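Q: So the chains spell out like this:
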Amino acid sequence: MSYSYPDEQGHFGPYGGIYMAETLIPAVEELRQQYLRFRDDPDFKAEFAYELKHYVGRPSPIYHAKRLSDSLGGAQIYLKREDLNHTGAHKINNAIGQALLAKRMGKKRVIAETGAGMHGVATATVAARFGMECIVYMGAEDVQRQAPNVFRMKLLGAKVVPVESGSRTLKDACNEAIRDWVANVESTFYIFGTAAGPHPYPMMVRDFQCVIGEESKVQMVDMVGRQPDAVIACVGGGSNAIGIFHPYIDVQDVRLIGVEAGGHGVASGRHAAPLTANAKVGVLHGNKVYLMQDENGQIIETHSISAGLDYPGVGPEHCLLKDIHRAEYVAINDDEAIAAFDALCRNEGIIPALESSHALAHAMKIAPTMGKDKVLLVNLSGRGDKDMNTVAKIKGITL
Amino acid sequence: MNRIQTTFDRLQQAKRKALIPFITAGDPSQQMTVPLMHALVEGGADILELGVPFSDPMADGPTIQRASERALKNGMSLRGTLEIVAEFRKTNPQTPVVLMGYGNPIEAMGWETFARRCAEVGVDGALTVDFPPEESHEAFEHLQRHDIAPIFLLAPTTTEVRIAQVAKLARGYVYYVSLKGVTGAGNLDLSAVEQKLPQLRKHIRLPIGVGFGIRDAETAQAIAALCDGVVIGSRIVQEIESSEAGQVLDNIRKLTKEMRAAIDRA
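Line by line, the protein sequences give chains A and B. FYI, in the working numbering the residues of the first sequence are 1 to 399. FYI, in the working numbering the residues of the second sequence are 400 to 665.
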């Protein structure tokens with residue numbers, strides 16, 4: 001089977017597309033054309049590679065979490081250390097790629113939405129790096145629970161706009177960023193943070209994030225002489241997951257496991273796991289995807305301890321990978337994520353992001369059921385410094 | 400014959416322009432929507448655009464966002480909106496009604512059910528903001544089967560190639576978005592609208608309505624001189640929002656009359 005998505009109109013099977021208001025259609029079409037033009041341009045590729053190496057600090061290492069693995073008594077857990085990137089998460093890979101494109105398109109103003117704040121920080125960072133004006137939209141709820149990242153963005157010269165509408169989280173930040181873009185379409189480049197949204201974003205963000213999986217394929221052979229038995233990554237919109245999954249899609253024996261936010265439990269309805277819960281397919285933010293909604297097609301509020309996963313939809317390529325059974329999707333609840341967070345802190349001296357803790361929690365769940373010769377590769381997509389307030393609050397501690 | 404076409408034919412003979420007000424179904428309450436629709440017609444509206452509330456109205460400014468939130472809080476839905484049209488039709492068989500909203504509530508209902516229900520209750524057209532022609536093949540097929548006009552938006556950024564594509568698919572009228580921005584924005588540029596319209600007319604035989612950001616009688620008059628219909632949304636919704644409960648129908652009737660008079664001066 002040969003896997004080649006999306007098609008020219010941005011469809012991943014029945015998913016994806018360009019479901020946008022007319023004013024923005026010419027903008028996404030221009031973006032598509034410019035991206036296709038520069039994607040294979042040697043100068044663009046060289047500049048992207050240079051920035052990833054010298055500014056981001058790539059390649060990110062793979063680390064054998066031996067004490068954690070020994071404590072579980074089963075499969076060996078390896079971590080792809082995206083948390084060690086400049087700005088502390090995988091988001092910077094994509095932000096640099098899009099900023100380089102914005103530069104070539106002559107756009108001097110960039111906007112972004114952010115949930116946990118990592119994409120906002122990455123965008124503010126590249127805007128400072130390339131001398132662009134930067135506005136970041138962030139749900140008012142997230143502004144509170146991710147205060148350190150708000151301060152970081154401001155230090156980097158970005159304007160952070162708290163969004164008070166709707167559920168005051170990531171989806172509302174997306175709505176507001178789209179409203180800004182429609183009003184400033186000619187001057188502004190929308191640096192979208194995840195592998196979702198209208199075509200070409202799901203494809204473009206994936207391409208920029210694929211460096212994670214491409215490095216992993218080389219590094220795993222160096223470290224253990226083969227590819228892992230499973231690759232595990234958390235999925236909100238799904239950019240870190242598609243970045244590490246995509247290069248493995250054609251590698252038949254590698255299981256791909258996406259971990260969604262189970263919140264209070266998928267059965268409770270209070271979660272952010274549209275794939276695991278088999279949510280109805282719908283249209284939001286430019287694409288057709290599995291989408292958490294009520295029987296009238298209104299988007300429902302999601303629940304997750306992790307702001308970065310607190311989103312009712314998911315990228316279209318994950319929807320396709322679920323349907324064709326190339327990837328499996330599961331959910332990890334808030335309390336399981338916290339337990340994994342604690343375990344990594346204490347066993348390995350690594351403080352993971354709450355988002356990444358979901359992926360880790362699933363690895364810790366299945367490792368004991370597997371032999372010691374088995375290998376699990378977890379994408380540790382970000383570091384947990386930003387989550388100090390959230391974790392302290394859960395533990396009943398005032399900082 | 401479709402009510403939209405009949406209406407524009409009648410207006411053309413009388414050398415008048417269409418007044419097309421927008422309100423959100425369920426705002427300020429479920430019970431008020433039908434009386435408001437009648438008040439708009441009494442004030443001189445030719446076609447009614449009825450907004451279907453959606454949780455994530457990305458193309459709307461704060462005024463219509465708040466209307467959408469109020470309507471959802473009042474329990475309004477696409478199903479409820481269709482029932483409102485059925486109720487309105489009991490006493491008004493002639494004024495065209497166009498539903499305007501986002502695609503997901505229709506996706507959830509299913510396009511075939513939606514189109515059939517529209518025909519049953521007397522909806523004349525459907526405008527789905529986030530479904531451009533590229534993604535409207537399925538929608539178009541079902542709407543056509545039930546003779547519901549697909550109304551498309553064109554924008555200042557729309558290229559001539561796309562104008563020609565929309566010209567082939569559109570029925571009823573075409574809605575030209577007069578500014579780059581969300582509904583109710585304050586940056587309407589009359590001369591830009593004036594410059595764009597000949598390009599639209601080159602391809603589009605249907606009547607052209609213009610909307611977004613028309614906030615006063617003076618602007619309505621100036622816009623009416625350029626096109627076939629004036630769409631007024633946020634200004635009407637704002638009036639509903641700011642009116643005392645007992646006054647809302649009178650205020651809306653009065654505002655509509657003012658707009659009507661302005662348009663008739665064009």
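Just so you know, the hints here were simulated from the structure itself, not pulled from any lab data. Quick caveat: nothing in here was measured; it's all calculated off a predicted structure. For glycine and all other residues, C-beta sits at the position ideal for the given N, C-alpha and C. Worth double-checking, as some hints may not be accurate.
With the C-beta cut set under 7 angstroms, the calculated list includes, among others, these residues of chain B facing chain A [unchecked claim]:
| id | residue |
| --- | --- |
| 1 | A458 |
| 2 | E506 |
| 3 | A507 |
| 4 | T558 |
Here are the simulated lysine-lysine pairs, BS3-like style, with alpha carbons at most 27 angstroms apart [as the list claims (entries may be wrong)]:
| id | chain 1 | residue 1 | chain 2 | residue 2 |
| --- | --- | --- | --- | --- |
| 5 | B | K595 | A | K280 |
| 6 | A | K107 | A | K217 |
| 7 | B | K595 | A | K107 |
| 8 | A | K66 | A | K217 |
Q: Now, for every hint given, state plainly whether the structure supports it.
A: Hints versus structure:
1. Using the Cβ-Cβ criterion of 7 angstroms, the hint placing A458 (chain B) at the interface with chain A is satisfied: the shortest such distance is roughly 4 angstroms.
2. Hint status for E506 (chain B): holds, given a least beta-carbon distance of 5 angstroms to chain A, under 7 angstroms.
3. For A507 (chain B), the shortest C-beta to C-beta distance to chain A is roughly 3 angstroms, which falls under 7 angstroms, so the interface hint holds.
4. Below 7 angstroms, beta-carbon pairs count as interface contacts, and T558 (chain B) has one with chain A at about 6 angstroms; its hint therefore holds.
5. Restraint check: the Cα-Cα separation between K595 (chain B) and K280 (chain A) comes to about 40 angstroms, which exceeds 27 angstroms; the hinted pair is violated.
6. With a C-alpha separation of about 35 angstroms, the suggested pair K107 (chain A) and K217 (chain A) falls outside the 27 angstroms cut-off, and the hint is violated.
7. With a CA separation close to 24 angstroms, the supplied pair K595 (chain B) and K107 (chain A) stays within the 27 angstroms bound.
8. About 20 angstroms separates the Cα atoms of K66 (chain A) and K217 (chain A), which keeps this hinted pair within 27 angstroms; it holds.
When held up to the earlier numbered hints, the structure conflicts with 5, 6 and fits the remainder.
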